[in-house]
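**Student:** Line order of the protein sequences matches chains A and B.
For the first sequence, UniProt numbering begins at 1 and goes up steadily by one.
For the second sequence, UniProt numbering begins at 1 and goes up steadily by one.
Calculated from the structure, these hints are not laboratory results.
Heads up, a few of these hints could be off.
Stated by the list, open to error - In the DSS-like style, the derived pairs of lysine-lysine whose C-alpha atoms are separated by at most 25 Å in a straight line are: (1) A/Lys432 <-> B/Lys27; (2) A/Lys936 <-> A/Lys955; (3) A/Lys412 <-> B/Lys53; (4) A/Lys432 <-> B/Lys10; (5) B/Lys56 <-> A/Lys64; (6) A/Lys49 <-> B/Lys27; (7) A/Lys1035 <-> A/Lys936.
Said to hold, decoys possible - What the simulated footprint calls covered on chain B by chain A, stretch by stretch (three residues with Cβ under 8 Å from a Cβ of chain A suffice, anywhere in the stretch; the number is not a length): (8) 13-20; (9) 27-35; (10) 41-49; (11) 59-73.
Everything numeric in this text was worked out from a predicted model, so none of it was measured.
Don't be surprised by glycine CBs; every beta carbon is placed ideally from N, CA and C.
The chain contents come next:
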Amino acid sequence: MSDIVEKTLTALPGLFLQNQPGGGPAAAKASFSSRLGSLVRGITALTSKHEEEKLIQQELSSLKATVSAPTTTLKMMKECMVRLIYCEMLGYDASFGYIHAIKLAQQGNLLEKRVGYLAVSLFLHESHELLLLLVNTVVKDLQSTNLVEVCMALTVVSQIFPREMIPAVLPLIEDKLQHSKEIVRRKAVLALYKFHLIAPNQVQHIHIKFRKALCDRDVGVMAASLHIYLRMIKENSSGYKDLTGSFVTILKQVVGGKLPVEFNYHSVPAPWLQIQLLRILGLLGKDDQRTSELMYDVLDESLRRAELNHNVTYAILFECVHTVYSIYPKSELLEKAAKCIGKFVLSPKINLKYLGLKALTYVIQQDPTLALQHQMTIIECLDHLDPIIKRETLELLYRITNAQNITVIVQKMLEYLHQSKEEYVIVNLVGKIAELAEKYAPDNAWFIQTMNAVFSVGGDVMHPDIPNNFLRLLAEGFDDETEDQQLRLYAVQSYLTLLDMENVFYPQRFLQVMSWVLGEYSYLLDKEMPEEVIAKLYKLLMNDSVSSETKAWLIAAVTKLTSQAHSSNTVERLIHEFTISLDTCMRQHAFELKHLHENVELMKSLLPVDRSCEDLVVDASLSFLDGFVAEGLSQGAAPYKPHHQRQEEKLSQEKVLNFEPYGLSFSSSGFTGRQSPAGISLGSDVSGNSAETGLKETNSLKLEGIKKLWGKEGYLPKKESKTGDESGALPVPQESIMENVDQAITKKDQSQVLTQSKEEKEKQLLASSLFVGLGSESTINLLGKADTVSHKFRRKSKVKEAKSGETTSTHNMTCSSFSSLSNVAYEDDYYSNTLHDTGDKELKKFSLSSELLDSESLTELPLVEKFSYCSLSTPSLFANNNMEIFHPPQSTAASVAKESSLASSFLEETTEYMHSNAMEVCNNETISVSSYKIWKDDCLLMVWSVTNKSGLELKSADLEIFPAENFKVTEQPGCCLPVMEAESTKSFQYSVQIEKPFTEGNLTGFISYHMMDTHSAQLEFSVNLSLLDFIRPLKISSDDFGKLWLSFANDVKQNVKMSESQAALPSALKTLQQKLRLHIIEIIGNEGLLACQLLPSIPCLLHCRVHADILALWFRSSCSTLPDYLLYQCQKVMEGS
Amino acid sequence: MIKFFLMVNKQGQTRLSKYYEHVDINKRTLLETEVIKSCLSRSNEQCSFIEYKDFKLIYRQYAALFIVVGVNDTENEMAIYEFIHNFVEVLDEYFSRVEPIDELPKICSALEPQQACFSPDSSSFKGAASTTPIY
């Protein structure tokens, strides 16, 4: 570096006039008169931190003004930069100058550039955004003909460079490896090393060039390449074994003093280079005899040469010893190394002693006898005044611990632990003690006592694994059962003694351990009754210094003990006190205890003694609660809403100003969007028997839950009380589960449910005690858990709900299997059939759920209807039940049976419905078939009236419709006529359901009949069906529209040009109403609200707004494809007319 | 790996700092305070290596000035210890024409940061000490 500086000095003398700071040795004195000098002196003279801060803030504000002033020259800027560096070095933020540093590096002359680069490398870090601005400058300087500029650029690259910009400079730097100047080559290697560190795969292709650098004639370049090699060999030593010879040769040369004299440090040749090489050799020779053999000589040489009494030779010796013990052993070398260690350990120099201990610690694993040689020294070191030495000695002892010396060593460790204040040391040492104690414990008493010490000292800083492992050890035990019992008993006794002591503070973790052990194993005590233990725990519970997490552990322990105790006033007192606790978690635990306490039998079976290790089967779906939930819901309880949904509602409530027509539904849209695919994937799940219904419910739920935002007057801030009530009625998830569990339990008639819930209860207790122990986030954990569980539970419950009174779980099972089966089958069918699959999950869901409901008896309908009624007046999603379980309209059915006249008369009876004109679809000499559509409220009724034109009687006339992919066709009664009289007309009715949205579809069928002479004939026909045949007006209020609008995820917007005839909004809407059967809800100014539903019940909402002759249509629906189809129809209608 | 390089005077004022891994500027002050506190608490009979959190501090005292180097546990303490001295010798050489060696601490406290920063960079790289002599 100095030669660069000197070159700079000589090349640019003009720059260093006056008092340039950084102008080299001569300028140092002069700098005192510079502004930096005075700043430095000013700060040195100050005595208090406060004064320093004041001065620097002052300096910074003046610097800020200067750097941002346009008149500031680069020279002044450089001066400022130096001061900024100084300020930042002292810990004051100078970020305002960062950009100026980059500018200086870009624009300045050599010296200014150098300061700029320096400032950049000091100010910024690798991921700093401003760093990108430097790339161009670096590229420019790398291409410079000026050596100094190239060097500066390389230096800055090797310090900080954005990873993503490496390709921009990599070729330039690669070229520099061939540069004639060694300093450039060296810096290029270092820059590549940097790249190797931050993006190893980007420099993989130049590994071969590193080899060239290793063989460079310049020592500096070679030394720089060692950094890369050390790194690469550390990652993969096997790939570089062939280089061992080269490294050995280099080391030989270095040790032999072949390097230029200027590499000597206190007449030791290149000590750091030697250390580097020794490390590389150690890595290469590890577990490899052949490679190791290559280096024995040079290691011997190194050990011999490094006998000079100087610190740096000790450093080399230490590295030598390390290497000798790393590679394949050679006794001769080991002997020498051991001697070396002995010299270190016995040295009066404290630093050497430290080094010796460190070496010994490493070596001792390979050669424990060495410890025996130095045992006295080790003992001395154990009582050394310097805690660092002690610490190192303990580290050494830790490595040689065995079953015999464990007691003493742990004793020493604990002593050190008691003195130590530093957290890191405590954590580290406590972990080691616990590990040793578990491994080598001589007896129960010792083990428990040691662990007690660990817990009380390690307290809450120790690693959570320690108490967890300890508890697991206790619970799982060893091979010997009596031994285990003794250990447990001892633990219980020791904890009871500890708890007896007054005014002793134990860390929370320790208390948690105690409470678990006491809860589980107090039964081992003969004399002491569970009541007494409970009393002790109760005392702790009332202690204010105990954290709520620990209290949860404690109350769990009390719960376990209560089942063993006969009767306890303490428990009742505890229940009394904690059921009104402000802490939700505590309250929940107290309620659990309360309910269990009321049913001792159940409690005993639920909390069996000493069963903590038994595996539990978790019924994650909480199916046993379905009955309870169904009951709750039927009594008008609000259904459970998942957290995010509540959040969403809260959000929509908080909105103050609503600029969007119906409020933004970003979150709700995300919600439904996510929900649908989840439903599909769950559908085939084993436990997903009600996934579809659950989803369906989600939709209808949302209608209820969404706050009314939009009405006639625009935004409606009223009705808050109503929503408030709703949210108030929402059960707190955790509590609700627990209470549900309890109440479900008390239902004696549900024996099956009972057994299941017992397990569940225990699981929850166990889970809560386990999760509570997981650290500070446990509460969140617990809540999160409850949330998901209750979510499932809610879903599951819907099946029951739909099944109302049916409680037998067998029925449940069949149902669930049915639905999952049908789901799978349906899915296959669905995907194979539809190539232009638009993924209409929503519709699928509906049809599935309707299938599910289909399987139920009609007696359940009232309840279902009740639920659908709950979901406001919006199209009830349960209503599709009615759709599928087809009720032929009495009037038409009757008319079919009797009708013999022409179609017109038939139509008279169905005038309440809209219908199309009769259209002849096919004919021959015998018969003619005409069809018409009746747009009923709940389906499309296709009527084919067949007229027998011949004078003969037709026999077994039969009309059949081919199955079509988009439709579900249901035959109405009376479609097969045994006899058709001459010149009569018969009507065949088919109700058609749509299975997924489409634009147009064909329904084909044939009619077959027998003439008198048994001649059979067949006649094919087809009718066109459009989506519009399945669109019905949806009559809802503006309020409901607003609510629904928020709940739909799929929206489509489009501007349509209106023809002149309908330029006004009302007329345009009227067109839509007539042609598309949309229901106009309201017209407000230039906006209109319309709604429709796709049969069976997929709602779609439309918001229109008129700008001049443009009609902006905005569809929203729960179905993803419906808006598109509707839009298409709208466009057709609007443009067509 | 060298993590940072500090020059701190006995009053605990940082005279020079160089971090080889980015440390937030607010945390730097705290770290420096703690580091110097632990260095000042040591006596001459105690060794020059301190455990601090999960890394080691190697310090050397020159009159009123402490030079402290923070390294991770892969480093050879003694090598770093000598590296500090090498650095000081280099500084001494560089400024000797200006001030005699016994006033070195004074120079260091006053020296131009940009030069002092360049110097450790050229003899160490990214926290790895190398032998490359500065002169």
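**Student:** Next, verify each hint and record whether it holds.
**Tutor:** Structure-based check of each hint:
1. A/Lys432 <-> B/Lys27: violated (30 Å)
2. A/Lys936 <-> A/Lys955: violated (31 Å)
3. A/Lys412 <-> B/Lys53: Given that 25 Å is the threshold and the Cα spacing comes to 22 Å, the pair holds.
4. A/Lys432 <-> B/Lys10: Given that 25 Å is the threshold and the Cα spacing comes to 36 Å, the pair is violated.
5. B/Lys56 <-> A/Lys64: Violated, at roughly 38 Å.
6. A/Lys49 <-> B/Lys27: holds (17 Å)
7. A/Lys1035 <-> A/Lys936: Holds, because 15 Å separates the two Cα atoms, which is no more than 25 Å.
8. 13-20: That given contact holds, which follows from 5 residues of the segment 13-20 of chain B lying within Cβ reach (below 8 Å) of chain A.
9. 27-35: holds (count 3)
10. 41-49: Since three or more residues must qualify, the claim that chain A covers the segment 41-49 of chain B holds, with 5 doing so at under 8 Å.
11. 59-73: Answer violated; 0 residues pass the 8 Å Cβ test.
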